[in-house]
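Model the full structure from these sequences, guided by the hints.
Each protein sequence line maps, in turn, to chains A and B.
Numbered per our numbering, the first sequence spans residues 1 to 109.
Numbered per our numbering, the second sequence spans residues 1001 to 1116.
I should point out that these hints are in silico values taken from the structure, not numbers from a laboratory.
Heads up, a few of these hints could be off.
No more than 25 Å apart at the CA atoms, straight line, and that leaves these computed lysine to any residue pairs for SDA-like [as the list claims (entries may be wrong)]:
1) A:Lys-2 - B:Thr-1078
2) A:Lys-45 - B:Ala-1100
3) B:Lys-1014 - B:Leu-1026
4) A:Lys-45 - B:Lys-1066
5) B:Lys-1064 - B:Phe-1091
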Amino acid sequence: RKEVEQDPGPFNVPEGATVAFNCTYSNSASQSFFWYRQDCRKEPKLLMSVYSSGNEDGRFTAQLNRASQYISLLIRDSKLSDSATYLCVVNKPSQNFVFGPGTRLSVLP
Amino acid sequence: GAVVSQHPSRVICKSGTSVKIECRSLDFQATTMFWYRQFPKQSLMLMATSNEGSKATYEQGVEKDKFLINHASLTLSTLTVASAHPEDSSFYICSARDAAGVDTQYFGPGTRLTVL
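As structure tokens, then:
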């Protein structure tokens, strides 16, 4: 089993739609969680950290469920510019990040 | 967010050439930098972890004699692909860990290597 798994995608949604991505991780010792966004042929960019209490940044909401080892990302009112691959990342202190395979999102006009 | 630069952004070279890629953290000190490789439509694969002043730690299956890493200062790490071959063609991305703030990584813009 992969250490970090994500919805395979791709997700093709119309502008204005709400879309949710799921991610599961296998290592219960993981302590830091992030969502990164990667555009085609570009480097990943940090979208948001994920906290146990859940956090929101504008149209983006991230949730963490430690008991189920599950992370989610919700995007409301999708924009064309949201089209990208979304990477789930988990980390243990003093250890390396583990990237999920990514979920590709295409927002259609 | 923190800024990481990477140079060059693109390299096209002949088989057998050695290629050097630089990664710099511009506005913070990075005791740890990471080198990743990404093939088309695949996720990032960690190649090695570079710690300032010590030898790099390579992931399983990554040849240390082929992918030479030097982390001579708190703001610079270099990756040299020795005697590159067409199968080394890939997108190489570095990242730097900013342990002073939120423990996360900031990525350089990547280097696209094409070996003919």
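Tested hints:
With a CA separation close to 30 Å, the supplied pair Lys-2 (chain A) and Thr-1078 (chain B) exceeds the 25 Å bound. Simply put, Lys-45 (chain A) and Ala-1100 (chain B) have alpha-carbon atoms about 19 Å apart, close enough for the 25 Å limit, and the pair holds. Taking the CA atoms of Lys-1014 (chain B) and Leu-1026 (chain B), the gap is about 31 Å. The hint is violated against a cut of 25 Å. Between Lys-45 (chain A) and Lys-1066 (chain B) the CA atoms are separated by roughly 28 Å; this puts the pair beyond 25 Å, and the hint is violated.
Pair hint Lys-1064 (chain B) plus Phe-1091 (chain B) holds up; C-alpha atoms about 18 Å apart against a cutoff of 25 Å.
Violation of the numbered hints given earlier is confined to hints 1, 3 and 4; the remaining hints are satisfied by the structure.
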